[in-house]
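Engineer: Construct all of the structure, not just a fragment, from the sequences and the given hints.
These protein sequences, in sequence, are chains A and B. Numbered according to our numbering, the first sequence spans residues 1 to 272. Numbered according to our numbering, the second sequence spans residues 1 to 311.
No lab work stands behind these hints, which were simulated from the structure alone. Computed from a predicted structure; not experimentally measured. Cβ coordinates follow ideal geometry from the N, Cα and C atoms, glycine included.
The calculated lysine-lysine pairs, modelled on BS3-like cross-linking and capped at a C-alpha distance of 27 Å, are: (1) A/Lys61 x B/Lys161; (2) B/Lys223 x B/Lys302; (3) B/Lys79 x B/Lys92; (4) B/Lys63 x B/Lys79; (5) A/Lys77 x A/Lys144; (6) B/Lys72 x B/Lys92; (7) A/Lys65 x A/Lys144; (8) B/Lys27 x A/Lys105; (9) A/Lys109 x B/Lys27; (10) A/Lys65 x A/Lys77; (11) B/Lys302 x A/Lys109; (12) A/Lys61 x A/Lys77; (13) A/Lys105 x B/Lys302.
Here are some, though not all, of the chain B residues that point toward chain A, as calculated from beta-carbon distances under 10 Å: (14) Ile184; (15) Val221; (16) Ile242.
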Amino acid sequence: MTRTQAPTSKRGKLVDLRNFPGFNPTALFVLFFLYSPLIYVIIYSFNSSRIGAVWESFSVKWYGKVFENDDIQRALKNSLQVGFVATVLSTLLAVMAALGLLRMKRTGKAVAIALIGAPLIIAEIVLAVGTLGLFIAVGVPLGKIGLMVAHTAFCIPFALLPIRARLSQLDMAPFEAASDLGANERQILRRITLPLLAPAIVAGALLAFAISIDDFITSFFVAGPGATTLPVYIFGMIRSTVTPEVNAISTLLLLFSGGVLIGSYLIQRKRR
Amino acid sequence: MTATTSTPKSDSKQLENRARPGQSSPKLAYLPIIFLAFAIGVPLLIIVIYSFLEKPSQGTGVKWVFTTENYKDLFIQQKLDGTTALDTRYIKVLWTSFYYSLITTIVTLILSVPVAMWIATRPAHRRTLLVALVTLPFWISILIRTYGMRQIIADEGPIGKFLGLFDIDWSILYSPPATILGLIYVFLPFMILPIYASAERFDFRLAEAAYDLGARKLTVVRKIILPSIRPGIISGVALVFIPALGSFLQSDMLGGGKTNMVANVIANNFGQARNWPFGSALAVLLIVLTLLFILIIQGISKRRGDKVELV
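Structural biologist: Structure representation (structure tokens):
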């Protein structure tokens, strides 16, 4: 898009939207505001001092502590297992939902969209305690299996986002051509739809994984004592004693989510 | 002048519903719908049912006896001598949640409009990077972001240390302002991104034309820029207000338990307080308030002719 030269107002003073008074400092302030707490946590994770807020010297000893801590290792394992299963299942269900919704009748579609969108609109605490009630009522033991079911459910809308976006951009010609040439639904799905959707499916899976790994509230209620996930463990750490170890483990989780997001973004962009 | 983004004609909708060659059967969506009905629909239903049940005399869970007491308990207090009185505790909790969410929405809106406009007027390659910078915190664990904010505003944190140089006392953590600051921090990207999406489509020549015709800066903002980015503002307000209303971590970690919001009271009733039916009644109230808010937002956007997408 080309922008015309900055126009001059009646009084001959140059006015330019690009330099609208106040916009520039506000934007820089907001970016600083968004990142300073994260940067602070990252910097202080390398602080050798036991007292969190006093800088002593550079050290990676808290990372060593994190890797030695068996509870953290166990929580990480739980998070990864739940995240992996929830990612695979939610992505699979999201692909099926995205394709099926295309031709669904209005009422069915409205119900489906309401169910898919519910985790985005209804407060997570409500769904978390409701899921707890469901598991107690049905007799699902609190633990990893329950966590996997709950995580799969709220990951579906996130996995669906890039898939639906990609589907709406697709050119329908190859589908019609394949159909005219006698391909059946299954062949079209395998040979045309899925390959064309592949980057969006990978991007959706990465988003679902990031959401699952970061989840706190649902996991807090549904995990039970045996399946503590990493965020639930970190929450407990923050509540009891704040040692710089929290900064180290937070930094690792932060970099991990950031990496996953950047991966998802690159995959979507590459194939566009 | 009213700039409206009109809804696409319904023709396209009808086209969408018609079977086209090569598309998958709608049956493919049945399994995900059944799964979601079980994992999302049933929990919501259970909350509604529990809210009409009694609490067992011992332990957690519910006793299967119908009652409307839980809803009465939200507003009315039973005294020991049998008389009843208005109970303002939970009305206060609801008011606190509403009030904090409102302030959060207003502050994020005031900050986001300049930021979104600023990003939209940068060169294309820089815009991509800036949008990525705003999006990134969106995907980082809210727990860790709230923890980071707590470290920053702690008495002995960087702000406290800096102000200490001038002998100014800084003590904000574990107070209502800390909770609100945390909410603003966590939900700011939810406001910037939709407004940016609208601002990006804005034709800046319109503003330039207005200047040429002698409009003042504020007139340009009020009459041309704001109406054009209104759909983004409405989406942003919904995307900030709704999660803020149901937020848990900020008042828990920054408010220090002194400032309870609805979600904290719900959590407490399913935890230590062990009153699932009452917690469910509060949860139902929260759902109703959320849906009410969505209806209002949709009403506003429909009347104005804006196309606002929430999901």
